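Colleague: Can you make the complete structure from the sequences, with help from the hints?
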Amino acid sequence: MLRTKLLSLAWLGIVPVVALSGTRGQDDEPVKDGKWLYTRHCAGCHNDNGDGKGPTITQMGLVARDFAQGGFAFGDSSEQLKRTITSGIPGRSPMPSFKGVLADEELDLVIGHMRTLMPKRDDSATKNTEMLVVDRPVVARGKLPPITDGAKETPRGLLLGTTEGMTFEYDVDHVRLLGVRMGRFADREDWGDRGGAYLKPLGRLIWDRADGLEVAITPTLESSYVPVGAQRRVLKSSFASANGQGLEYEVRDHDGKGRVLATLRESVRTRTTSFGPAIERSWRVQPTSLMQATLVFSPADAEQSKGEAVSWLANRRGADGVDVTAVRLVSTAEGVEQWTSTSIRLPAWAPKLAAFLEKELAQ
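Residue numbers (this note's numbering): 382 to 744.
Worth flagging that the hints you see were computed from the coordinates, not collected in a lab.
Source: prediction; values computed, not measured.
Quick reminder that beta carbons are idealized off the backbone N, C-alpha and C, glycines included.
One thing to keep in mind: the hints can contain errors.
Stated by the list, open to error - Once the Cα atoms are required to be at most 30 Å apart in a straight line, the calculated DSS-like pairs of lysine-lysine come out as:
#1 K687 to K740
#2 K416 to K463
#3 K617 to K581
#4 K463 to K581
#5 K463 to K501
#6 K617 to K524
#7 K416 to K480
#8 K434 to K416
#9 K480 to K434
#10 K434 to K463
#11 K501 to K416
#12 K480 to K463
Claimed, not checked - Computed Cβ-Cβ distance ranges for the label pairs, DEER-style:
#13 D485 to L443: 21 to 31 Å
#14 L710 to D485: 32 to 42 Å
#15 G639 to K480: 43 to 53 Å
#16 A611 to A424: 52 to 62 Å
#17 G531 to Q450: 23 to 33 Å
Modeller: Next comes the structure, spelled out in structure tokens:
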């Protein structure tokens with residue numbers, strides 16, 4: 382099955398980074414140490430010496446992380462390295478997920494060998510204001526610094542950190558996603574300063590409102606009763622548990638008496654695909670009796686096309702490839718709609734690739 386998938390992708394002219402199966406034949410050399418596992422699963426991209434110039438990644442015209450430089454996506458501790466290998470890296474990197482490929486004890490062996498290729502780690506104590514995400518999602522609210530140069534600060538912000546090492550950054554006043562970060566969660570330096578210090582995100586920004594469809598897609602309610610310009614969003618609550626994380630908010634009539642038109646529950650997560658990790662957002666839309674409405678997705682500067690059950694939005698980024706988002710109406714029951722958008726950065730885009738990815742997303 383894996384071979385068939387790879388052949389299909391080669392036929393499309395796309396070379397995905399797909400983890401090799403952990404199944405071994407009777408004639409394979411038995412696994413004895415982390416070096417053997419590293420050579421089998423990692424050296425294709427990171428090279429035997431860890432310089433990031435392995436044969437697989439070189440054929441793609443890319444360079445992987447140079448271990449000698451340190452500074453890994455989710456941090457340099459053993460736990461953070463394990464998170465990177467297990468979850469992959471959504472956004473700008475083709476780093477795949479090895480979940481289900483390497484067992485926990487195998488991950489420890491691989492990380493042990495990686496340490497021989499890395500600079501010695503400074504184990505100085507973490508700042509007592511740093512917030513950590515360990516075994517469940519974490520939500521923090523506070524004033525956020527400008528997300529990019531030239532942007533404004535966010536007086537009422539919200540950070541949602543997932544166990545995969547991703548942080549979703551929101552503007553509470555408008556209930557909109559500002560960006561997605563990867564790595565460490567946040568520093569509550571505002572705890573010791575009532576004069577207006579920031580809740581400081583620590584992760585590296587991989588998507589922002591002007592950089593990729595995942596964030597640029599801001600669904601709006603379409604209705605003949607209340608136009609978009611007369612709607613406003615009001616946050617009700619956030620949720621973070623082992624079953625998922627996200628926000629719940631109301632859409633209200635801005636020009637009227639603040640009547641509730643619909644309630645939306647937005648969930649966020651990362652998802653593993655054959656083409657690398659993707660960022661996924663889902664919306665559960667429940668209109669009230671005042672409004673019969675549906676979600677509409679209208680990003681700027683995106684090429685749009687239709688699949689059998691998916692609307693495709695492709696935003697070309699020059700040498701950086703293509704940001705592709707699949708928007709799907711998952712279900713409709715008793716007036717409640719469930720929508721999902723799945724976004725991934727690809728080196729190229731083609732209709733045949735859309736058909737292949739659509740089948741995978743439907744599984």
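Colleague: None of the hints should be skipped; say for each whether it holds.
Modeller: Hints, verified against the model:
no.	hint	in the structure
1	K687 to K740	holds (14 Å)
2	K416 to K463	holds (16 Å)
3	K617 to K581	holds (23 Å)
4	K463 to K581	holds (24 Å)
5	K463 to K501	holds (17 Å)
6	K617 to K524	holds (18 Å)
7	K416 to K480	holds (19 Å)
8	K434 to K416	holds (17 Å)
9	K480 to K434	holds (23 Å)
10	K434 to K463	holds (21 Å)
11	K501 to K416	holds (18 Å)
12	K480 to K463	holds (10 Å)
13	D485 to L443: 21 to 31 Å	holds (29 Å)
14	L710 to D485: 32 to 42 Å	holds (38 Å)
15	G639 to K480: 43 to 53 Å	holds (45 Å)
16	A611 to A424: 52 to 62 Å	holds (58 Å)
17	G531 to Q450: 23 to 33 Å	holds (29 Å)
Of the hints listed earlier, there is not a single one the structure fails to meet.
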